[in-house]
Amino acid sequence: MKKTIYVLCFVGAIIYSCTTKTVATSTASINTSEEYVTKGKTVFDQHCGKCHGLPEASDHTPEQWNKIIARMAPKAKLNAEETNWVLAYVTVNAKK
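Residues 100 to 195, numbered by our numbering, are exactly what the sequence shown covers, in order.
In case anyone wonders, no lab produced these hints; they're calculated from the structure.
Backbone N, C-alpha and C define an ideal beta-carbon position, used for all residues, glycine too.
Keep in mind that a hint or two might mislead.
[Claimed, not checked] Straight line, CA to CA, 20 Å or less: simulated PhoX-like cross-link-like pairs of lysine-lysine:
hint, residue 1, residue 2
1, K194, K140
2, K176, K140
3, K194, K166
4, K176, K166
5, K101, K140
6, K102, K140
7, K138, K176
8, K195, K166
9, K138, K174
10, K194, K176
[As the list claims (entries may be wrong)] The following label-pair restraints were derived from C-beta to C-beta distances:
hint, residue 1, residue 2, range
11, S132, Q163, 18 to 26 Å
12, K101, K195, 58 to 66 Å
13, A179, H151, 32 to 40 Å
14, E155, K102, 51 to 59 Å
15, N130, K195, 17 to 25 Å
16, T137, M100, 50 to 58 Å
17, G148, K101, 47 to 55 Å
18, D144, M100, 50 to 58 Å
19, K176, S128, 18 to 26 Å
The whole structure should be built from the sequences, with the hints applied where relevant.
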């Protein structure tokens, strides 16, 4: 019985540690200040180009970018702050 409880606690801790933390979920809540956009461009260039060619920010709408970044940020090992910076950069430069 004790082993089962320990295993469940361990599995719960692993699942909790793998969840995404406080990332902007709508384009309305994204901070698009100049500082965020500048940092976002740097992170986008450095991290997103490691595995594939970089798309232009204007290739997608803000809504499309939100879905793309939500899917790709964990693969690029971006923390919540870096993810929000990238969202700011692509949102400001997205297809209108």
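> Can you give the numbers of the hints that this structure goes against, from lowest to highest?
Replying inline: 5, 6, 10, 13
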